[in-house]
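**Q** Chain B: place on chain A using the hints.
The chain contents come next:
Protein chains: 2
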Amino acid sequence: MKVSCLKCMNCGKEYKDAPDRYVCDDCGIDGILDVIYDYNSINITKDEISQSKDFSLWRYRKMLPIKDETQIPPLQVGWTPLYKSEKIANETGIKNVYIKDDGRNPTASLKDRASAIGIAKALEAGAKTICAASTGNAASSLAGFAASAGIKTVIFVPKRAPKAKIAQLLIYGAKTVIVDDTYDRAFELSVEITKKFGFYNRNCAYNPFLVEGKKTVAFEIWEQMGFKTPDRVYISIGDGCITSGIYKGFYDLIKLGLSDKMPRIIGVQAAGCNPVEVALKTGKFVAQSGNTIADSIAVGIPRNRLKAMRALKESNGTCISVSDDEIKAAITDLPRSAGVFGEPAGVTAYAGFKKHSNEKNIDINEKVVIIITGNGLKDIESAISVCDIPTPVAPDSKTIENHVKTII
Amino acid sequence: MKVSCLKCMNCGKEYKDAPDRYVCDDCGIDGILDVIYDYNSINITKDEISQSKDFSLWRYRKMLPIKDETQIPPLQVGWTPLYKSEKIANETGIKNVYIKDDGRNPTASLKDRASAIGIAKALEAGAKTICAASTGNAASSLAGFAASAGIKTVIFVPKRAPKAKIAQLLIYGAKTVIVDDTYDRAFELSVEITKKFGFYNRNCAYNPFLVEGKKTVAFEIWEQMGFKTPDRVYISIGDGCITSGIYKGFYDLIKLGLSDKMPRIIGVQAAGCNPVEVALKTGKFVAQSGNTIADSIAVGIPRNRLKAMRALKESNGTCISVSDDEIKAAITDLPRSAGVFGEPAGVTAYAGFKKHSNEKNIDINEKVVIIITGNGLKDIESAISVCDIPTPVAPDSKTIENHVKTII
Chain A
122 MKVSCLKCMN CGKEYKDAPD RYVCDDCGID GILDVIYDYN SINITKDEIS
172 QSKDFSLWRY RKMLPIKDET QIPPLQVGWT PLYKSEKIAN ETGIKNVYIK
222 DDGRNPTASL KDRASAIGIA KALEAGAKTI CAASTGNAAS SLAGFAASAG
272 IKTVIFVPKR APKAKIAQLL IYGAKTVIVD DTYDRAFELS VEITKKFGFY
322 NRNCAYNPFL VEGKKTVAFE IWEQMGFKTP DRVYISIGDG CITSGIYKGF
372 YDLIKLGLSD KMPRIIGVQA AGCNPVEVAL KTGKFVAQSG NTIADSIAVG
422 IPRNRLKAMR ALKESNGTCI SVSDDEIKAA ITDLPRSAGV FGEPAGVTAY
472 AGFKKHSNEK NIDINEKVVI IITGNGLKDI ESAISVCDIP TPVAPDSKTI
522 ENHVKTII
Chain B
122 MKVSCLKCMN CGKEYKDAPD RYVCDDCGID GILDVIYDYN SINITKDEIS
172 QSKDFSLWRY RKMLPIKDET QIPPLQVGWT PLYKSEKIAN ETGIKNVYIK
222 DDGRNPTASL KDRASAIGIA KALEAGAKTI CAASTGNAAS SLAGFAASAG
272 IKTVIFVPKR APKAKIAQLL IYGAKTVIVD DTYDRAFELS VEITKKFGFY
322 NRNCAYNPFL VEGKKTVAFE IWEQMGFKTP DRVYISIGDG CITSGIYKGF
372 YDLIKLGLSD KMPRIIGVQA AGCNPVEVAL KTGKFVAQSG NTIADSIAVG
422 IPRNRLKAMR ALKESNGTCI SVSDDEIKAA ITDLPRSAGV FGEPAGVTAY
472 AGFKKHSNEK NIDINEKVVI IITGNGLKDI ESAISVCDIP TPVAPDSKTI
522 ENHVKTII
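Going down the list, the sequences are from chains A and B. If you use our numbering, the first sequence corresponds to residues 122 to 529, in order. If you use our numbering, the second sequence corresponds to residues 122 to 529, in order.
To be clear, the hints were calculated from the coordinates, so they are not data collected in a lab. Here the structure is a predicted model, which is why all the values come from computation and not from measurement. Nothing false has been slipped in among the hints.
The list cannot tell twin chains apart, which means a pair is met if one copy fits it or any two copies do.
Straight-line alpha carbon distances no greater than 30 Å define the calculated DSSO-like cross-link-like pairs of lysine-lysine that follow: (1) K137 / K376; (2) K449 / K280; (3) K296 / K519; (4) K526 / K296; (5) K317 / K249; (6) K174 / K188; (7) K280 / K405; (8) K488 / K273; (9) K488 / K376; (10) K123 / K188; (11) K183 / K128; (12) K316 / K284; (13) K205 / K249.
If we strip away everything but chain A, and leave its shape as in the complex, we get (with noise of 0.2 Å):
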């Protein structure tokens, strides 16, 4: 048994481990649990994982609360690309910097990493309805992979969740509850009709295995850097389910003897909406109903924050904030140096890294990885704020020869 205990992160109270167990029954939504391993049981080495040809995160199954009888949704997930970008490092002088392109997963978020994990634990737990609450992307994730797997699905989104991603929902058959009200009153709301309904539930911030799936873009990274953990990772904040991933998977690498360092984990959060820098600043947390460009990051209450926390802290890593203006400028300016397309929330790291480099807070030979969480095709409305559409020009050869003769 791998799993040894589901471990409240508040009170430390221990739980059998089981498919449908998800928070602490003392603490509440607060005691969020960890998935405690039996590590000693895990048998893994470098060589085995490089030889496996299944180019998904189920490479590191071994590494998964799943069992060997565990059915997994069929859809492609993970072992997204690692690019070293020698254009960023030109710009920056930074030697090393990689950019990782999550956008890259079937619904096109890293969310999908969870969404894998929460369909084959509905799968095991028997379940035929799966729900969750999502500024869109876990929605649009949930949906795509239960309808690859046949499971039904209801989803409660917050009215202001992008189109493009309610769009995807539909397509993909999701019973849709647009809540008209903020994401944190969506989330309360599918928690409620979860248990009251016998649903499965797959909010990452209430069920403990889907942190587990997010931490497989830790396992990814290191083995595409050769088996080697970067000294930094710039990662956005919403709820910090990502955060504590990431933290979780380079934390189980060490445990498992396969890497003996932690990276920084480094936070950013977008200036209009920042709850988890100003409760690590101040030690405080409060509430905030701000608002940001970076829609998937707009939460003002964090459901993971304790976790998230924990994980800056223990990485010896911080929190940052960037301005709206200073994402805007990271939706253009990385796929111009890097070829990558990234949502406002999954460039918002990309744009907290520019910060920390042109404030020399990084040191030219660290190794830095961004991940980069969406792809910039699910808020084209966004991108097409931040660029100018030219005007059609006239079909004849004279007038286009002249206007290219101004635009080259």
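**A** Just chain B, lined up with the frame of chain A:
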């Protein structure tokens, strides 16, 4: 020298291999060249291929018109998933149905296969600027690859190209000319301007090397099916370049002794714009000016129609058309069955497959592959047009509970 010559498909005239050799001097744009290989000089085995650790189209580098020293652009392209769909098998009775999801490429379309080769050949030619006309996907693809490789781009798109595709161009920093006319006119102008300014030409129906990039989708299908060729391949047809590429890939495999079978290639057009279907059935090509929701294949004068028609005939295939209503149905049918969200032109191939399946035109034992050429996120407006976005629901528990009861 694995490329023995470039040969006009119209008059047969042979040209020396050079990265900037385009169409036949005598036949002009009707004389699209074929890349002719000396297959005896290419030593490649299934074992060698299967041992490659390069999970991109460059694993087939030996079978591509690329020199050892040719620089290749950094984006990870190709090796997209091939899913065997049990749900579609159950729905149709056809036992072996595979979905090739080429929307998983770096800029989310199959065109990335051509852009990868286009950029490599432009680098070989020492070009500083690369130019193309496109209904959208080839353009955004070129823009992304050029940005990653540090080459400038000038791109011609028709007025009708969806905003998302234009936004992608601008995001990647391409110099974009929106031609106030059709794709056909944008194509002509791009050829003129390319000559006048000395740009490298990436038009797929003009530069003979680009079809060589597209052929890799056939190599992958063959390898992913366990080095077996399917019985049929469904593909949507716009300009006809992808159809030509699929044929060339399977042709190469036969010539290299790696396969002994050509699949039947079934081209699918939109009924609103079906010049290839008409030409194939009547023997006479007539330009069209029709329209369809599938903007990527709204091509009234398919530039590579001769090569595409040769591919359909020589593979014992055919060309059919589907209505916009059938395309709209496929937009939701495919993701709900297979978890793959394709753009309208992408799912047109699936609509064609469904039509043939409904007409009992496919033997239930045939192995059928349907290629989805572009990601649904590229054209959210069309996706939204086939969905009813639900009305927001008041955020109180009782209202939500009652609402959920009505939708599950």
